[in-house]
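Same order as they appear, the protein sequences are chains Z and X.
For the first sequence, the working numbering assigns the number 1 to the initial residue and increments by one for each residue that follows.
For the second sequence, the working numbering assigns the number 1 to the initial residue and increments by one for each residue that follows.
These are calculated hints, taken from the structure and not from any lab test.
Treat the hints with care, as some may be off.
To be verified - What follows is a set of in silico ranges between Cβ atoms, one per label pair, in the way DEER data are often shown:
#  : chain 1 : residue 1 : chain 2 : residue 2 : range
1  : Z       : Ala-181   : X       : Ala-528   : 53 to 61 Å
2  : Z       : Ala-181   : X       : Lys-250   : 26 to 34 Å
3  : X       : Ala-55    : Z       : Val-128   : 37 to 45 Å
4  : Z       : Pro-77    : X       : Ala-328   : 55 to 63 Å
5  : Z       : Tyr-118   : X       : Gly-202   : 45 to 53 Å
6  : Z       : Tyr-80    : X       : His-171   : 43 to 51 Å
7  : Z       : Tyr-118   : X       : Val-547   : 47 to 55 Å
8  : X       : Ala-328   : Z       : Trp-189   : 31 to 39 Å
9  : X       : Ala-528   : Z       : Trp-189   : 34 to 42 Å
10 : Z       : Ala-185   : X       : Lys-250   : 57 to 65 Å
Predicted, not measured: the structure shown is a model, and the values here were computed from it.
Note that the Cβ used here is the ideal one computed from N, Cα and C, for glycine as well.
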Amino acid sequence: MSNPKRPVPAYEAPGSRPETARERAYFPELARGLAISAGHFLRNLLWSRDPSPDVLHRRGPNAVSTVQYPEEVAPYPPGYRGMHRLVPREDGRPRCVACYMCATICPAQCIYIEAGEYPEDPIEKYPVRFEIDELRCIVCGFCVEACPKDAIRMDTGTHCKPSYDRPSIVYGIDRLLKGPAVSHASDVWFKREGSDPPPEADPHPIPERGR
Amino acid sequence: MPDQPNVPPSSAASAPSGPVAPKPESPAPAAPQPPKAPAGFVNVEIDGRPLQVKAGTNLIEAANQLDIRIPFYCYHKKLTIAANCRMCLVKVSNAPKLVPGCQTPVTEGLKVTTNSPEVMDSHRAVEELLLYNHPVDCAICDQAGECKLQDYYMQYDHRPQRPAQPKLLRHKRKELGPTIVLDQERCVLCTRCVRFMKEIPGEPQLGVFGRGNHEYIDIFPGQELTSRYAGNTVDICPVGALLSRDFRFKARAFYLSQAVSVCAGCSRGCNTFLDHYDQVSYRYRPRENDAVNSAWMCDDGRLTYHRLVEKRALAPMLGRVGAGKPAAFAEAVATAAKRLEPFRGKAELAVLVSPQLSVEDLLAVAQLAKEALGASALYEGGLADGVEDALLLRADKNPNRQGLRLVAKAFGLELRPFQELVDAAEAGKLKALYVAGAEVPIDEHMAAAVLEPIEVIVTQAVHLDGLAGGSDVLLPASPHAEDDGSFVNFEGRLQRFERAYAPWGESRPHWALATELARALGFTWRRASARAVWDELRDRIPEFAQVDWSDLGPNAIRRPGIGLAPAAADARPPGYRERPVQLKARPPEPIQ
Numbered sequence: 001m002s003n004p005k006r007p008v009p010a011y012e013a014p015g016s017r018p019e020t021a022r023e024r025a026y027f028p029e030l031a032r033g034l035a036i037s038a039g040h041f042l043r044n045l046l047w048s049r050d051p052s053p054d055v056l057h058r059r060g061p062n063a064v065s066t067v068q069y070p071e072e073v074a075p076y077p078p079g080y081r082g083m084h085r086l087v088p089r090e091d092g093r094p095r096c097v098a099c100y101m102c103a104t105i106c107p108a109q110c111i112y113i114e115a116g117e118y119p120e121d122p123i124e125k126y127p128v129r130f131e132i133d134e135l136r137c138i139v140c141g142f143c144v145e146a147c148p149k150d151a152i153r154m155d156t157g158t159h160c161k162p163s164y165d166r167p168s169i170v171y172g173i174d175r176l177l178k179g180p181a182v183s184h185a186s187d188v189w190f191k192r193e194g195s196d197p198p199p200e201a202d203p204h205p206i207p208e209r210g211r
Numbered sequence: 001m002p003d004q005p006n007v008p009p010s011s012a013a014s015a016p017s018g019p020v021a022p023k024p025e026s027p028a029p030a031a032p033q034p035p036k037a038p039a040g041f042v043n044v045e046i047d048g049r050p051l052q053v054k055a056g057t058n059l060i061e062a063a064n065q066l067d068i069r070i071p072f073y074c075y076h077k078k079l080t081i082a083a084n085c086r087m088c089l090v091k092v093s094n095a096p097k098l099v100p101g102c103q104t105p106v107t108e109g110l111k112v113t114t115n116s117p118e119v120m121d122s123h124r125a126v127e128e129l130l131l132y133n134h135p136v137d138c139a140i141c142d143q144a145g146e147c148k149l150q151d152y153y154m155q156y157d158h159r160p161q162r163p164a165q166p167k168l169l170r171h172k173r174k175e176l177g178p179t180i181v182l183d184q185e186r187c188v189l190c191t192r193c194v195r196f197m198k199e200i201p202g203e204p205q206l207g208v209f210g211r212g213n214h215e216y217i218d219i220f221p222g223q224e225l226t227s228r229y230a231g232n233t234v235d236i237c238p239v240g241a242l243l244s245r246d247f248r249f250k251a252r253a254f255y256l257s258q259a260v261s262v263c264a265g266c267s268r269g270c271n272t273f274l275d276h277y278d279q280v281s282y283r284y285r286p287r288e289n290d291a292v293n294s295a296w297m298c299d300d301g302r303l304t305y306h307r308l309v310e311k312r313a314l315a316p317m318l319g320r321v322g323a324g325k326p327a328a329f330a331e332a333v334a335t336a337a338k339r340l341e342p343f344r345g346k347a348e349l350a351v352l353v354s355p356q357l358s359v360e361d362l363l364a365v366a367q368l369a370k371e372a373l374g375a376s377a378l379y380e381g382g383l384a385d386g387v388e389d390a391l392l393l394r395a396d397k398n399p400n401r402q403g404l405r406l407v408a409k410a411f412g413l414e415l416r417p418f419q420e421l422v423d424a425a426e427a428g429k430l431k432a433l434y435v436a437g438a439e440v441p442i443d444e445h446m447a448a449a450v451l452e453p454i455e456v457i458v459t460q461a462v463h464l465d466g467l468a469g470g471s472d473v474l475l476p477a478s479p480h481a482e483d484d485g486s487f488v489n490f491e492g493r494l495q496r497f498e499r500a501y502a503p504w505g506e507s508r509p510h511w512a513l514a515t516e517l518a519r520a521l522g523f524t525w526r527r528a529s530a531r532a533v534w535d536e537l538r539d540r541i542p543e544f545a546q547v548d549w550s551d552l553g554p555n556a557i558r559r560p561g562i563g564l565a566p567a568a569a570d571a572r573p574p575g576y577r578e579r580p581v582q583l584k585a586r587p588p589e590p591i592q
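So that you can see chain Z by itself, here it is in the shape it has in the complex (with noise of 0.2 Å):
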């Protein structure tokens, strides 16, 4: 049956092999397959798991490597896109003035923004709601590409906690404004302080006619 000229492809298992006359005997083959069993349940047993936070690189006496999900979590390779976050200003409001760019780009058109003005504030725009639908999102990362202010970055290296229903996984505000704090030289809040224009802001001033 068996041609030796023939080659053997790669996804044949090697099953013409003759039978030894030890595993002929079948006793001493289930002791063999026995004692690994036990010896990987005692391994188990006996040792702990390795306790490294490197979940993708444990290795140690215990073979159990699973990642305990969701109390461990394997990170995301680098270059990968995690959620949204809003990036908040010092001052803990959202650097986001509500230009909807992010909106128009958003080919998913997950992004839901209504707009509001601040009484005193060198920037008088910024989002009453500003509204991600993480259902529709595709985590293209375009919004963070369309944002004119670093409003909005994907740095946060989680991604959307699935729910039991929908309602709960539009992101507001509330959820969306974490993480550190940005500021860039070029803001205008480190020009001025409010609409109006600081004294010092004309050179040349005219000067008052008295008496």
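Assemble chain X onto chain Z, guided by the hints.
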């Protein structure tokens, strides 16, 4: 769409392709001579293309006729020439330096160059200068998307700003008055607003203060910008300096679609664009029509868009105030017909019609009143008179009173003032009332109290205020933004408006409600659109007998296959969002 009043009559057919060729009575001459222009017209050459144009036309308008767009900020067709923005500098053959196109009239044989490197560099330099102190805060600017600074930057400049000294800081949010807020940093000092306030309403409330780099637009000390026409300064501001406090931060301009509409705020009927997005109206903008409103509209009319979105009746209701409950549409119509049935043809039945309805609505309602309800008169409702001025605003706050008069006359129905309805109701002569349009000229609570003893009140109403609360059957109607139709203004000018979006909720146009009511009363009327109503009934009005639906516009062509009510967002592809507004005859639509 630029008007072309300056095209000579002899060359009207071939104006874009060049002057009319001389009659070939002789063999062609060796050297082509420019053809003699008709009296009052001159030959010019713009970018090598010949043009015959009326003498005295400025270069911007002349080039416009050849579809050559000279950039400008301060020039406005309806205002005086200031020539202070220097954006429209072009090269002409009779001057050593570049000249402003807005200020320079055409002369015989003038050669104009608008695209040479010298001119393009001038455009670029002016644009860079205007952006020198501009804050470039497009992200929070309401003008972004319709801003000339953005357009011309992309077209002529398109390079990073050169490092310079820090930009001048000025008032970023100065509330000039009840309607307008000014951002002095964004201003390019074109003075269009100053000239407008001085020349059109004649209320010079704005001025230019300071000198040189420190100039700024402002109101005079201790005064406010209180003019009724101040909203026009927002429209004509080429940048985001003057902004409407009502529209501020409500929507981005690049999201809005425009529908050709007519202001329903008074009987002037100013031609407008209605800007809307996702089935919500956001603002009116004036549309140029020299016969009616030039290029302006009043602030009172601008704010009437609120009536399109606020306090709307969206579902049929059965029962009066307190006991009213929503009902299915068919049930409400059947109930209305059943309650009105015993009063058909009797003097105890009155019909109240509002001049807020379009001509098509009124035709269907009048036919229902005359033929189905057997009425002999219509009571005239509508809003009470208000202020009037010499420019645009009319005292009559209803857009279609002339149309109501024409329709009533056509159906042989007598028009009676609202006071007679009040008198008849107080005398106990009325037992049933059919209302089309619930606006009344007296206080609404007083009117509801007067009409309360009437046994049966069937109301078609757009809003939940007015008489709507006191009716036994309320049928929700849609306002003029949600259907095609026409108004007749106080001069008798028939003006068509177009549907911006589909009716809200379960509301339907008045003509559809009247038709449904007639069908419930045993008639077999069938109408699919306002146009069907017009085609069926316009012959009854001798003044309209010759007017075809297609002749009236609206000037935009509705494209097929694009739904008017996109669900989540305005998902129209590019080119469908901004409809070109052109006065084109379109083929008649098939009547369904």
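Here is how each hint holds up against the structure:
{"no.": "1", "hint": "Ala-181/Z - Ala-528/X: 53 to 61 Å", "in the structure": "holds (59 Å)"}
{"no.": "2", "hint": "Ala-181/Z - Lys-250/X: 26 to 34 Å", "in the structure": "holds (29 Å)"}
{"no.": "3", "hint": "Ala-55/X - Val-128/Z: 37 to 45 Å", "in the structure": "violated (56 Å)"}
{"no.": "4", "hint": "Pro-77/Z - Ala-328/X: 55 to 63 Å", "in the structure": "holds (57 Å)"}
{"no.": "5", "hint": "Tyr-118/Z - Gly-202/X: 45 to 53 Å", "in the structure": "violated (37 Å)"}
{"no.": "6", "hint": "Tyr-80/Z - His-171/X: 43 to 51 Å", "in the structure": "holds (46 Å)"}
{"no.": "7", "hint": "Tyr-118/Z - Val-547/X: 47 to 55 Å", "in the structure": "holds (53 Å)"}
{"no.": "8", "hint": "Ala-328/X - Trp-189/Z: 31 to 39 Å", "in the structure": "violated (56 Å)"}
{"no.": "9", "hint": "Ala-528/X - Trp-189/Z: 34 to 42 Å", "in the structure": "violated (58 Å)"}
{"no.": "10", "hint": "Ala-185/Z - Lys-250/X: 57 to 65 Å", "in the structure": "violated (32 Å)"}
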